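Need the complex rebuilt from these two chains, each delivered in its own frame; the hints are there to steer you.
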Amino acid sequence: MSETDRPTTTVLLPESAGGWSRRDFIKGVIASTVTVSGVSYFGAGCASPLPAQTGGVERLVSLSVNGQTRRVDVAPNETLATTLRYKLGLTGTKIGCNRAECGACTVLIGDVNHYACSTLTHRVRDREITTVEGLESGDGTLHPVQQAFIDELGPQCGFCTPGQVMSAVALLRANPNPTRKEAQAAMSGNLCRCGAYDHYLNGVMRAAQEV
Amino acid sequence: MSDAMTGFELYQPTDVEQAVDLIGRYGSRGWILTGGYDSLDWFKDRVKAPQAVIDIQGVAELRGVRPTDGGGIEIGALTTLTEVTTSPTVRDRFRLLADAAGEVASPQIRNAGTLGGNLCQDTRCWYYRYGVDCYRAGGNTCYAAAPDAQNREHAIFGASRCVAVSPSDTAPALVALDAEMVVLGAGGERVIRAEDFFMEPAVDITRMTVLEPDELLVSVRIPSTWADAHFYFEKVADRNSWDFALASIAAAFKTDGVRVEDARIAFGAVQCTPRRMTRVEEWLRGRALTPEGVDAAAALASKGAQPLAYNEYKIPLVQNLVKRALRSV
Chain A
1 MSETDRPTTT
11 VLLPESAGGW
21 SRRDFIKGVI
31 ASTVTVSGVS
41 YFGAGCASPL
51 PAQTGGVERL
61 VSLSVNGQTR
71 RVDVAPNETL
81 ATTLRYKLGL
91 TGTKIGCNRA
101 ECGACTVLIG
111 DVNHYACSTL
121 THRVRDREIT
131 TVEGLESGDG
141 TLHPVQQAFI
151 DELGPQCGFC
161 TPGQVMSAVA
171 LLRANPNPTR
181 KEAQAAMSGN
191 LCRCGAYDHY
201 LNGVMRAAQE
211 V
Chain B
212 MSDAMTGFEL
222 YQPTDVEQAV
232 DLIGRYGSRG
242 WILTGGYDSL
252 DWFKDRVKAP
262 QAVIDIQGVA
272 ELRGVRPTDG
282 GGIEIGALTT
292 LTEVTTSPTV
302 RDRFRLLADA
312 AGEVASPQIR
322 NAGTLGGNLC
332 QDTRCWYYRY
342 GVDCYRAGGN
352 TCYAAAPDAQ
362 NREHAIFGAS
372 RCVAVSPSDT
382 APALVALDAE
392 MVVLGAGGER
402 VIRAEDFFME
412 PAVDITRMTV
422 LEPDELLVSV
432 RIPSTWADAH
442 FYFEKVADRN
452 SWDFALASIA
462 AAFKTDGVRV
472 EDARIAFGAV
482 QCTPRRMTRV
492 EEWLRGRALT
502 PEGVDAAAAL
512 ASKGAQPLAY
522 NEYKIPLVQN
532 LVKRALRSV
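Going down the list, the sequences are from chains A and B. Residue 102 in our numbering is what sits at position 102 of the first sequence, and the numbering runs on without skipping anything. Heads up, our numbering is the position in the second sequence plus 211, with the first residue counted as 1.
Extracted from the complex, chain B is given alone in its bound form (with noise of 0.2 Å):
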């Protein structure tokens, strides 16, 4: 049976002081579940095989939308993808987040999924996946790099020896956002900008976000800053469905009706955390969107790209993107 996965002591907390209690006893050892999908993929490939799995499903506290005093919103880890792609709070004022967490995998993974699972889920690189010591699983190779690799869906800008590529749809739209990440650990709450949250391989090559082994996500803070805004959320995928991204752009523009007073444009899967396209957001404030401004914010968008063998095809892509975004305004 392919599903013996190795043996694990199992817990299922109730509330969040019980939770981090777990998460900070078992550390490194331990392994946080929480809509469960992707956890049990690694559990049954035997790649993954924590002594304690701590599923957090039953901390009520963590789930839902709420207001917040300045006119944002903060959402609950726990909140599922099919509740925040459908909760009308998030629907009328932050739309970007709505359309990007309905366009994760299929129904069955949004009704189980979480936002904080979402955020936290690690890299689709399948050279990792398959459980090979490359650097990210700390060993000294990339195997995703090699000359022959198969590496269409890997990174095309700021690769340090790991070239695997942010697999999340809902990070950049929470990075366009500008959101905040609500941390919770034994030493207390920290609070991290969604931009911040995710770890540059040339930082630690083994973490994907930079949450310790015993802290706990526990909700996103989104400001009204980019409430209401023209959003525009598009994912590039091989299947309609059940797929990652190739690539994905999140948008947010605030105009005037004809010049572009404020911009943010977040890419996921051409890097290895969600890239912000800072120059083009630059570039943008104060211009008039004609043709060759389209043209011009779209080569600026893909500066810098290094491509593999087999995806230089991702540069006319986020090139596209940044153009199809910019013409929706």
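Next comes chain A alone, as it looks inside the complex (with noise of 0.2 Å):
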């Protein structure tokens, strides 16, 4: 499969877009060359090509990212973390075990937070997604969760961090006065590797008081 016959996964403009600020402008070129050499990348893991379909599903579909709706097309195979950093350039997702097993790559399915790098992306066509690039207000004003985070310096390395944050956010919508017994259980599906649990902790409890 050459790579002029994916021109689609490079649309990245929103269909409710209005007018285009020069700040948007300049993340859409940087998008954009995050996804050509993200259709490289994925285009040489997938070098046998895929099989015919036989009344399996569409390839072109619309998600909800973010409150946006976006145009893709999306291999039957293809999980919804591969499809968020490199088609629509949403690198705050990340990859961390690709196994479901760290958390890094937790994004939110309505409010329920999941493991983008172990959903298919064509399970979520209707569906709400929010991932870490979602939170944050209009005007750029932190969510109470990242705000928390920081006060509470909860990320190190940082590489777990969207999904902590997204794991906390997932809590606080479902139980807005988590004890932190429970703020612990909601948070154990993510890992850390620089074992920053007690101030990730300290973060949620503070959000807690916030929202």
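Worth flagging that the hints you see were computed from the coordinates, not collected in a lab. Since the structure is predicted, the reported quantities are computational estimates derived from the model, not experimental observations. Even glycine gets a Cβ: it sits at the ideal position worked out from N, Cα and C. Be aware that one or more of the hints could be misleading.
As the list claims (entries may be wrong) - Partial list, computed: chain A residues near chain B (C-beta under 8 Å): (1) Asn-66; (2) Thr-69; (3) Pro-76; (4) Thr-91; (5) Arg-99; (6) Tyr-115; (7) His-122.
So this is what it looks like as structure tokens:
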């Protein structure tokens, strides 16, 4: 499959976009670059052609990501983490273990936290997806969880942070006043190899006072 | 990119008839996807490469907890583990299952993983998972029982060539609750007792359940028999989160305040199927739980165990879990 066969993957303009600011434009260019390099990366791994579709899912789908509708070409065996990172340029979602074990890829589907690395993108066509990029408000104010993680020095290397943030947001949506023990259980699907668990927990408890 | 799974056709049926039709059409070349987290691991490792993946998540009728005529409940196979563990009905009357479902893996996995998927999951034996040609994979040797094999997690009971264990947390709970599995295939519906749902390696070493390739587990029925009994569930694992059991106990007791009237005890992760401790149950019936009695019951629980090189510790583990369950009564 040559790269020219995959032009649709670089489309990242939201359908609902109004006026375009310079900042949006630059963001777009950056994302496009990421997307293009991601395509060759992804393409190399999928050297064997996919079998012909016989009545399976349509590849061209609309995804609702961070409140925007995005049209994207999705292979049947493509994971949400891959689509977000390499097709939509949303690289805030990290791929750590890629085996539903570490939690770095955690995103919200609806209000519930899921591992994006192990969710087929086709399963979330009709769902509202929120990534770490979708949390800050329009004026750039961070989500209380993000701010609390900064205040409590949550991240060290930072690689697990987006996933930790998303799990904390999911927790506080389901249970705005968790006990520390409940927070611990709710965050237990996110590993931190720096071992900053207590800092993150402090952050969750601080954020709980503010949301 | 390590998630370069081999290509497959993806189907997303929205009702049971479509799903069963697709499953029947593809048979062993098809793969039923529910939560999908374990399935995708298999695909990414390229140990499994189905021609068609049948994602049944959209079959709404297979989801939810409903009461049944006899005072029991029926749980759709696609009900997520989070839904099972938080369901008021399950918590109030069959807490054993709610506790077991709440111990599975991590919150994210319980959010996606389904009761049916948890019951039908394949074993965690890492030799097998690695993709070697062991008995279970259709070959002619067991790597986990070799003299220098690492088999700390493996079976102490009922091994037959394969020494892998049942990894499910909910399976022993459903065996203890005397549940029934409702299975649908092209040939119609059949109902199987939870105890008989799991496949002994001596019968068919390549399957974990009695499901045929063209069959689908659609729901689990729990009779009222053990509703509101005294329950005890405990899972012992190396880590508190995201780990499979080294041994787990699911027990239900009915007492008159002094004596045990009836008991059901099932273990996970000590045998290839959930292991029901029938001898312990029989011994307990009509007895008062004295400290000596508890010790005697515990000793009975490990009778017949045949440990491998690195899992002898499971014998006192099984005994101590029985003691803890009995002391909780």
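Subject >> Hint numbers contradicted by this structure >> reply: 1, 2, 4
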